[in-house]
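Chemist: If you want the building blocks of each chain, they are given just below.
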Amino acid sequence: MFSYTFHWNQALKALPQMLDGALITLQVALLSMVIGLALALALTACRLSGNRVLGGIATTWVEIARNTPALFQIYMAHFGLGNFGIHLSPYTALLVGIAFNNAGYLAENFRGALKAIPDTQTRAGRSLGMTPVQAFRYIVLPQMLRVAFLPATNQMVWAILMTSLGVTVGMNSDLAGVTQELNARSFRTFEFFALAAVIYYVIAKAVTLAARVLASRMFRY
Amino acid sequence: MFNTALTLSDLGFLAQGALMTLAVTAVSVAAGTVLGVIFGVVRNQLGAYWSAPLTFLLDVFRSVPLLIQLVLGNAFQSIAKLGWPPFTTSCVVLSLYTAAYCTEIVRGGIASVPPTTRRAARSLGMTWWQDMRYIVAPLATRVSLPSWIGLTLGVMKDSALVLWLGLIELLRASQVLVTRLQEPLLILMICGAIYFLISFPIARLGGYLEKRWSND
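Chains as they are written, first to last, in numbering that gives the first Met the number 0: chain A, 0 to 220; chain B, 0 to 215.
Treat the hints with care, as some may be off.
Below, simulated DSSO-like cross-link-like pairs (lysine-lysine); rule was C-alpha separation at most 30 Å, straight line [unchecked claim]: (1) K204/A x K12/A; (2) K12/A x K80/B; (3) K210/B x K114/A.
Incomplete in silico selection of chain A near chain B, CB under 7 Å [to be verified]: (4) Y3; (5) T67; (6) P68; (7) L70; (8) M75; (9) F78; (10) G81; (11) L160; (12) S163; (13) F189; (14) F192; (15) A195; (16) A196; (17) Y199; (18) Y200; (19) A203.
Quick caveat, the hints were computed from the structure, so don't treat them as lab data.
None of these values were measured; they are calculated from a predicted model.
Where a beta carbon is used, it is the ideal one built from N, C-alpha and C, also for glycine.
Construct the entire structure; sequences and hints are all you get.
Modeler: Next comes the structure, spelled out in structure tokens:
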């Protein structure tokens, strides 16, 4: 069945290069997550504000982010913005695309988490003489973060997996990009991409594990 | 922006791309669901210990980027000299990807059926199969359907990645038009609108079912 000779040595020799790529992947994912979290909080605030226009913008953002492919969003950042004379590098386009996507999903996640906290608690806080901001800061927010933490770590894993899409807009420094370049030079597609898959798997598992440890430390009573 | 070189036949080209997206999605979701149900039941029957290898294997499909999976699948089929066209390769990879997520959903659905209910069924003299068919299936479906709809939409969106294997689906079709007409914003907006039109109503239906069926 297999008349093909596997050359794993070539792939293993390129491992240092690929690990450098993995660092870029992590960097993009982390940055997109930080930006996404900030945007998601802003979107949630807009939705809660009661202002029609702000709420409409936030809802539109969330629905577009959740109902179109991530790849489409990256294409939009890379090719679509060109119409306005904004030409983003593959790195920035990827970051913008994923951050946009993250913000949408995280905002929805925050909304679900907020729903899980009964209104009565805010009212109880208010009757104790807290200002609305205090009630939100000391009563709602800590509980909301606890509920939203696990889905947010899932989103982080998603962000890592999504960075691989950068290669379609010409990104060549992240793990998928580096692998694709190596592949273009040697045509050992299976070996290189199998190794990349292993690295992605390890990163994803490490992030999940780290998040679990972090959660057990942060959220114990 | 409104003086566009986009013609009706270009829109037809996009529509063809959309059909390809739907075809890939339909095949993958159908095959993936069947596999997912089988794997889900098997995992449930074997218990955590004996199904560990299966769990690990399916977990790999969820922890490796789909793009890498597609490239690997394509490389594998050429190494094994299977001679599959890109459509088949895409569908096989996407089916396994779907199955990995679907297993999780099915397992959750089965686990949500109270063991007492199942024991009651067995005490009434039902066989394992009857218990599965008449007790577990209806109750588990209620729990699983909203997430299954979410999964279907996720696969529909992720199917955009098959463009890497050269399949002309919706996103690739719009990319071809962009290259020819040099009007990226307009064409991509149409492409996004098509994705949105497919996805949004079904997402709403899923949300509605979730709300309606969860107040027990």
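Chemist: Does each hint hold? Answer for all of them.
Modeler: Hints and how they fare:
At roughly 24 Å between alpha-carbon atoms, K204/A and K12/A fall within 30 Å of each other, so this suggested pair holds. Under the criterion of a C-alpha separation no larger than 30 Å, the hint pairing K12/A with K80/B is consistent with the structure, at around 27 Å. Proposed proximity of K210/B and K114/A is supported: the alpha carbons are some 13 Å apart, at most 30 Å. A least Cβ separation of about 4 Å between Y3/A and chain B falls short of the 7 Å threshold, and the interface hint therefore holds.
For T67/A, the interface hint holds, since its Cβ comes within 7 Å of a Cβ in chain B; the closest pair sits about 5 Å apart. Annotation: interface hint on P68/A holds; nearest CB of chain B at approximately 4 Å, less than 7 Å. Evaluation of the L70/A hint against chain B yields a held restraint, the C-beta minimum of about 5 Å falling below 7 Å. Interface restraint check for M75/A: the shortest CB-CB distance to chain B comes to about 6 Å, inside 7 Å, so the restraint holds.
The beta carbon of F78/A comes within 4 Å of a beta carbon in chain B, closer than 7 Å, and the hint placing it at the interface holds. Given hint, G81/A at the interface with chain B, holds; its Cβ is 6 Å from that chain's nearest Cβ, closer than 7 Å. This hint holds: L160/A has a C-beta 4 Å from the nearest C-beta of chain B, less than the 7 Å allowed. A distance limit of 7 Å between C-beta atoms decides the matter here; for S163/A the minimum to chain B is near 4 Å, and the interface restraint holds.
Hint status for F189/A: holds, given a least beta-carbon distance of 4 Å to chain B, under 7 Å. Checking F192/A against chain B by beta carbon gives a least distance of about 5 Å; that is within 7 Å, so the hint holds. Checking A195/A against chain B by beta carbon gives a least distance of about 6 Å; that is within 7 Å, so the hint holds. Using the Cβ-Cβ criterion of 7 Å, the hint placing A196/A at the interface with chain B is satisfied: the shortest such distance is roughly 5 Å.
Hint on Y199/A holds. Least Cβ distance to chain B is approximately 5 Å, under the 7 Å limit. Evaluation of the Y200/A hint against chain B yields a held restraint, the C-beta minimum of about 5 Å falling below 7 Å. Against a cut-off of 7 Å between C-beta atoms, the interface hint on A203/A holds, since the closest Cβ of chain B lies about 4 Å away.
In summary, this structure violates none of the numbered hints.
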